[in-house]
Amino acid sequence: METIHLKKQIEPELTIGKWFKNVYDAVRTTAIGMGITFKYVWGREVVTIEYPEVREELPSNSRSRLYNDAENCISCLQCAVSCPVDCIYIAAVKRPTDAPKIKTKDGTPIRLDLKQYTIDTALCMYCGLCTTVCPTECLTHTTDYEYASYTLASMKYDYLAPDIRAWRTRIVKS
Amino acid sequence: MSTHHEPEDKIMLGDQEILKSDLLTLNMGPQHPATHGVLRVEIKTDSEIVVDAIPHLGYLHRCFEKHAENLDYRGIIPFVDRMDYLAAMSMEWGYALTMEKMLGTEVPKRAEYIRVLVAELQRIASHLVYFGTYGIDMGAFTTFLYCFQDREEILRLFEELSGARMLYNYIWIGGVWNDINDDQLTRVKNFVDRFEPELLKYHSLVGQNKIFIERTAHVGVLSKEQCLDFGATGPILRGSGVEWDLRKNRPYGMYEKIDFDVVVGKGEKGTVGDCWDRYYVRIFEMFESIKIIRQVLDGIEEGPVMGKVPKIIKVPAGEIYMRTECPRGELGYHLISDGGKTPYRLKVKSSCFTHVSMLPIIAPGQMVADLVASIGSIDIVLGEVDR
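Which chain is which? The protein sequence lines are A and B, in order. For the first sequence, this note's numbering assigns the number 1 to the initial residue and increments by one for each residue that follows. For the second sequence, this note's numbering assigns the number 1 to the initial residue and increments by one for each residue that follows.
In case anyone wonders, no lab produced these hints; they're calculated from the structure. Take these hints with a grain of salt, some might be off.
Example chain A residues on the side facing chain B (calculated, C-beta under 8 Å, incomplete) [stated by the list, open to error]:
#1 6
#2 8
#3 11
#4 15
#5 29
#6 30
#7 33
#8 47
#9 82
#10 123
#11 126
#12 127
#13 128
#14 149
Taking lysine-lysine and the DSS-like style, the derived pairs with C-alpha atoms no more than 30 Å apart in a straight line are [as the list claims (entries may be wrong)]:
#15 21/A with 201/B
#16 341/B with 109/B
#17 21/A with 39/A
#18 101/B with 266/B
#19 347/B with 314/B
#20 269/B with 21/A
#21 18/A with 201/B
#22 66/B with 224/B
#23 94/A with 349/B
#24 269/B with 7/A
#25 269/B with 248/B
#26 349/B with 101/B
#27 39/A with 269/B
#28 21/A with 7/A
#29 269/B with 8/A
#30 7/A with 210/B
#31 291/B with 39/A
#32 115/A with 311/B
#33 347/B with 109/B
#34 66/B with 156/A
#35 210/B with 39/A
#36 201/B with 39/A
#37 308/B with 105/A
#38 224/B with 248/B
#39 257/B with 101/B
#40 311/B with 103/A
Where is the CB? At the ideal position from N, CA and C, for every residue including glycine.
Same shape as in the complex, but just chain B:
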C-alpha cells in the first residue's frame, strides 16, 4: 500500500475517476471522540472519500515491556492491568497462566471457577462499553446510558471483590486474591437473570434498527483472507466467518468442562465481515458469556482460593509463550527468564495492535463517516496498542 500520493496521481474509485482537486490531509485525533482514546489517524481525502489512512501510535506508551524487566513477578500484575484497562481481569489471567505454567503451580478448583466467572463478567462489561460507544458513534445515545448502567453493576461487584473499580490486581499467581461469598454469587445470578432479556431489548433497539443497519452493513468489510494475513483475532476474525476461539480450540482454565458456542458472523444484513457482523458477534458473545456464567454458578466448589507459591518467586531459566482469549482478541505473553527474580524479557502480543494496523486496508474508498464506523467496530483500547 503506497502512502505517498503525488498531486497528479490518478485516483479511481471502482471504475470512476474521482480526483477533482488536490488531496486534503486531515488529522483525526488524538482527541477525537470517535477514535476511542488517543489514536491519531492521518487521513488523505478527496472531498468525502478517504484515499489513505495512516494510524499514528505512541500517545499512551508507558514502556511496559522494558519496565517489567525491573519488577519482581508479583509487581508486574498491577502494570498488566493498565494495558487493556477495560478488560483488566482478562489481562491478569493471561499473565497468571503464563507464570503458573512456568512455575508448575497447581491452582485450586475454586480459584479456577472464580477466574472464569470474573473473566466472563469482564467480557460482558467490555463488550457493553463497545456497544455503548458504538451507539454514540452511530448517533444513538440511549444505548450508552443503558449499557453503562448495566456495566456499573458488574464494576460494583468487582469493587467489592477486589477493592478497585477498573485496575483490580485480583488474579494473582497461584489463585485469586480474595474469596467470593455466597451473597455475591447470588448477586451475579440475579444480574445475569435480569440482564439477558435486557440485552435482547438493546439488540432490537440498536442492532435491528434500519438506520443502524444502513450505517454498518456493507461497511468496512474485512475478508477472511485479509484477517488471516494480518493475524487478526477475536471478534474481528469471527466476524469475518472464521470459527476460531481459544477458549474452544485451545482450552485453558476451566473452559474444557464448559459448554458454549462460538459465534461467527454470517453476513446476515450485508457482506460477511462488515461492521454489522462484528457488532453481531460481540452481542451474541455476551449471551454465550451468560451461558458460561450460569454453568460456573452451578459448578463452583468450596475450597481454598490460593495455591502454594513461594514467597520470593524465582522462575527457572527458560521461555514460554502463553495466549488467552480476551474480549478484544488473543493476548499472548512471551516470557523469557534467566532464573532471576525479574523476567529477562516479557513481550506482549496484543490483538488491538494488529487490528489498528488493518485500518489502512479498511479505509481507502470509504466516506469519512464510514471510517468512524470502521474504527468503532474494531474496538481498540489504546492502552493495549501502545503498552
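Isolated chain A (complex conformation):
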C-alpha cells in the first residue's frame, strides 16, 4: 500500500461578496455575448452553400481529377518517375521508322507509341508533381471533383479507352 498525492487545483476563496460579483459578472458578460450574436439574426447574408443544389465553381488551378491528353503525350515517363505513390502506369514501344512522322501540339516529335497510360486514381494523392514536370503539358489537373464510384477497379483510368477520352470535351481546361 502506498499513498498517492494529487495536487489540488488552487482556487481563490469564495466570500459572499465574491459570490454576488460572480453572478453579476456572469449575467453582464453573457449579455455582451448575446448582443454580439443577436446582430446575426437579421441583415446577414447566408454563407452556407447547399451542395447538391448549388455547386461551387472551383478555381482554375484547382487540383482535382487528372486527365491525360494521350495525343500530345511523348511517353517520356517523367510523370511516373516523379509520382511519390507510383500510381501512373505507362507502356510504350518504339515507333517504327517507316511510320508517318507525328508531332504534338507544341511541335515535339513523338518517337514512342503509347500502348498504355493508366492512372490509379484511388492511389493518387493529388499533389500535382506529375503535372508540373510534364514537358508537353498533356497531363493536367481538371476542376472536375464529382467522380465517386463503387468499385476500386473503376478508379483505374485508362486514358486510351474511348469512354475516358470522351471527357475531353467536358472537363479539360483550354
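Once you've looked at the hints, dock chain B against the given chain A.
For chain B alone, kept in the frame of chain A given last:
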C-alpha cells in the same frame, strides 16, 4: 509518475483522502469529440476525480520517417503536408528551409515574402480552428461557426494560390510554386481589415465570458519549470510565461526585418500557465500575425518566385537540424544525407508529441470535465503526433 495503482492505495487530494471505492478505468477516445482526432486517453478515476491519465498513440501512424527514406527530396513535400494538416504551409516551410540550407540555395525576395504571408495566414487559420473547437469543448457553439466562416476565406485564397484546400504542396525547395497576383494581395488586405475587429468581438464573446473564465482559469496549470523540463514549445511555453519565439529569438526567412511582439501569458484571470492563458496567447498571436501580414503587404517586391534548383536534387553528405515556429510550437527536421537522391534519415521533432506527453502531469487531481478543457487547450493534431 506511477501508472499502476493497487486497490488498497491511499489517494490524497490536497490534504483530504478521496478514495471511497475502487478506481474506475475509463477510455476517452479514440472517437471522442474532445480528443481532437484519434487520441485515446486511458483515465483512472475515483468518482469524478482523475487519478491518472495515460495517452495512447499510434492510431494515425503513417510511417512518415521511414517512408521518406525511399522518396526523392521533392516527393517528400506532399507527405510533409499530411503531418499537421491544419498548418500544412508551416510544415512545408520548415522542410524547404532545411533543404535550402543543405543545398545552399538562394531564395528570391518575393518568394520569401510570400512564404511569410502564407505562413501567417496559416497561423490565423490554425488558431481559428483551435478557437472554434475549444469553444465547442467549453459549450459555446457559436464561435465555431464564426471561426470557420473566417477560416473559409483563408482556405479559399490558398486554394486559388496552390490548387488545394488543405494539403497544399505550395512551398517548394527554392521558392514557391505559384506567384501571387495583385488581386489576391488586395483580398488578403481586405480580409485582414475586416477580420481584426471581428476577432476582438469573438474575444469578448468567449474569452471575456464569466462562464468560460470559470471553466478555464486555474485549470490545467503548467508551471514554467514543468514546461522547460518537458521541452514544451509554442503557445504552451509562452502561456506559462516564457518569452520564447523562434521567429524572434532565432529569426529565419524574412522575420528579421519584421516588427512584432511575442505574446506571453500573464495569469490575467487565474494562475500563470492555466488554460485561459494559453487561450489568451493564441488569440493575441492572431493579432500579431495580422501585424506581420500588413508589413508583408507593404514590403512585398516584384521578381521571380523560384530560385535555381537542379532538376535532380542530390544533397551533399552531412546532416542538419533546422527548426521553425509552427502554430503549435517548434517543428524540427533532422536530415542526414549520404549524398544520394533520397535522405538517409529524416527525423521530425514535433511539438504536439511533447505536449501530449505532458497530459499525465496535468490530469491528476482534475475533474473529468476539466481534463477536456486541458486537452483542448494544448491543441494537438494527431497527424503530427504520430507522423
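Hints, one by one, checked against the model:
1. Interface hint at residue 6/A: satisfied, since its Cβ lies 4 Å from the closest Cβ of chain B, which is below the 8 Å cut-off.
2. Interface hint status for residue 8/A: upheld, as the beta-carbon distance to the closest one in chain B is roughly 3 Å, under 8 Å.
3. Look at residue 11/A: its Cβ gets to within about 5 Å of chain B, closer than 8 Å, so that hint holds up.
4. Given hint, residue 15/A at the interface with chain B, is violated; its Cβ is 16 Å from that chain's nearest Cβ, farther than 8 Å.
5. A distance limit of 8 Å between C-beta atoms decides the matter here; for residue 29/A the minimum to chain B is near 5 Å, and the interface restraint holds.
6. Against a cut-off of 8 Å between C-beta atoms, the interface hint on residue 30/A holds, since the closest Cβ of chain B lies about 6 Å away.
7. A cut of 8 Å between beta carbons decides the hint on residue 33/A: the least distance to chain B is about 5 Å, and the hint holds.
8. With a least beta-carbon distance of about 6 Å to chain B, the hint placing residue 47/A at the interface is held under the 8 Å criterion.
9. A least Cβ separation of about 7 Å between residue 82/A and chain B falls short of the 8 Å threshold, and the interface hint therefore holds.
10. At its closest, the beta carbon of residue 123/A sits 13 Å from a beta carbon of chain B; the interface hint therefore is violated under the 8 Å criterion.
11. About 7 Å separates the beta-carbon of residue 126/A from the nearest beta-carbon of chain B, less than 8 Å, and the hint is met.
12. At its closest, the beta carbon of residue 127/A sits 4 Å from a beta carbon of chain B; the interface hint therefore holds under the 8 Å criterion.
13. Taking 8 Å as the C-beta contact cut-off toward chain B, the hint placing residue 128/A at the interface holds, the least distance being around 6 Å.
14. Using the Cβ-Cβ criterion of 8 Å, the hint placing residue 149/A at the interface with chain B is not satisfied: the shortest such distance is roughly 21 Å.
15. Among the hinted pairs, residue 21/A with residue 201/B is consistent with the structure: their alpha-carbon atoms are about 23 Å apart, no more than 30 Å.
16. A C-alpha spacing of about 28 Å is found between residue 341/B and residue 109/B, which places the hinted pair at or below 30 Å, so the restraint holds.
17. Taking the CA atoms of residue 21/A and residue 39/A, the gap is about 28 Å. The hint holds against a cut of 30 Å.
18. Simply put, residue 101/B and residue 266/B have alpha-carbon atoms about 37 Å apart, too far for the 30 Å limit, and the pair is violated.
19. Simply put, residue 347/B and residue 314/B have alpha-carbon atoms about 18 Å apart, close enough for the 30 Å limit, and the pair holds.
20. Distance restraint check for residue 269/B and residue 21/A: the Cα-Cα separation of roughly 15 Å lies within the 30 Å cut-off, and the hinted pair is therefore satisfied.
21. Distance check on the hinted pair: residue 18/A and residue 201/B sit about 27 Å apart at the alpha-carbon level, within 30 Å; holds.
22. A hinted pair counts as satisfied when its Cα atoms are at most 30 Å apart, and residue 66/B with residue 224/B does not qualify at roughly 35 Å.
23. Straight-line distance between C-alpha atoms of residue 94/A and residue 349/B comes to about 48 Å, which puts the hinted pair past the 30 Å bound.
24. As the CA atoms of residue 269/B and residue 7/A are separated by approximately 20 Å, the hinted pair is consistent with the 30 Å bound.
25. Distance check on the hinted pair: residue 269/B and residue 248/B sit about 27 Å apart at the alpha-carbon level, within 30 Å; holds.
26. Distance hint between residue 349/B and residue 101/B is fulfilled; the C-alpha atoms sit about 18 Å from each other, no more than 30 Å.
27. Distance hint between residue 39/A and residue 269/B is fulfilled; the C-alpha atoms sit about 28 Å from each other, no more than 30 Å.
28. A distance of roughly 28 Å separates the Cα atoms of residue 21/A and residue 7/A; the hinted pair therefore holds under the 30 Å criterion.
29. Restraint check for residue 269/B and residue 8/A: satisfied, since their Cα atoms lie roughly 18 Å apart, inside the 30 Å limit.
30. Using a Cα cut-off of 30 Å, the hinted pair residue 7/A and residue 210/B holds, with the two alpha carbons roughly 25 Å apart.
31. Among the hinted pairs, residue 291/B with residue 39/A is consistent with the structure: their alpha-carbon atoms are about 28 Å apart, no more than 30 Å.
32. At most 30 Å may separate the alpha-carbon atoms for a hinted pair to count; residue 115/A and residue 311/B meet this at roughly 28 Å.
33. At most 30 Å may separate the alpha-carbon atoms for a hinted pair to count; residue 347/B and residue 109/B meet this at roughly 29 Å.
34. Pair hint residue 66/B plus residue 156/A holds up; C-alpha atoms about 28 Å apart against a cutoff of 30 Å.
35. Proximity of residue 210/B to residue 39/A is assessed by CA-CA distance (about 21 Å); at most 30 Å being required, the pair is judged to hold.
36. Distance check on the hinted pair: residue 201/B and residue 39/A sit about 12 Å apart at the alpha-carbon level, within 30 Å; holds.
37. Note on residue 308/B and residue 105/A: the hinted pairing holds, with a Cα-Cα distance of about 28 Å set against a maximum of 30 Å.
38. Taken as a hint, the residue 224/B and residue 248/B pair is honoured in the structure, with Cα atoms around 19 Å apart against an allowance of 30 Å.
39. Taken as a hint, the residue 257/B and residue 101/B pair is honoured in the structure, with Cα atoms around 19 Å apart against an allowance of 30 Å.
40. Only pairs whose Cα atoms come within 30 Å are accepted, and residue 311/B paired with residue 103/A is accepted, the gap being roughly 25 Å.
The structure shown violates the earlier hints numbered 4, 10, 14, 18, 22 and 23.
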